[in-house]
Amino acid sequence: MSASAEATVLITHAVGLHARPSVKFTKLAKSFAAEVEVAVAANGPWFDAKSIVKVMAAKAPKGTLLHIRAKGDGAREAVGALVDLVRRDFDEDKDHARSA
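In numbering that gives the first Met the number 0, the protein residues as written are 0 to 99.
It should be emphasised that the hints constitute simulated quantities derived from the structure, not laboratory data.
Every residue, glycine too, gets a C-beta built ideally from N, C-alpha and C.
A hint or two may mislead.
[To be verified] Distance ranges between label pairs, derived from CB positions: (1) 83 to 45: 26 to 36 angstroms; (2) 92 to 71: 30 to 40 angstroms; (3) 92 to 62: 15 to 25 angstroms; (4) 2 to 92: 27 to 37 angstroms; (5) 41 to 83: 16 to 26 angstroms.
[As the list claims (entries may be wrong)] Straight-line C-alpha distance at most 25 angstroms; calculated DSS-like pairs for lysine-lysine: (6) 70 to 58; (7) 29 to 70; (8) 58 to 29; (9) 26 to 53; (10) 70 to 49; (11) 53 to 23; (12) 70 to 23; (13) 61 to 23; (14) 61 to 26.
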């Protein structure tokens, strides 16, 4: 039986899941063997979280509940890491602090 996991997280980042945050999100998703999907509604449509084009097409603004699910090896770890990344505002504050 294959492992699976799901979670929902609120996007609090000012621009939402846009260019830089999408790159970080997909890069992290790709680091896991599990199949990872994301949606802006609980009933979908679901998008491949490893595809930058599909993640950006979701157009998830600040205040969106982002639904993440994964199945396969590392599913729980993948979902947990992606939820943490969203909760940390995609580490954008750290990036801006370094460039300021």
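*Output the numbers, in ascending order, of every earlier hint that fails for this structure.*
1
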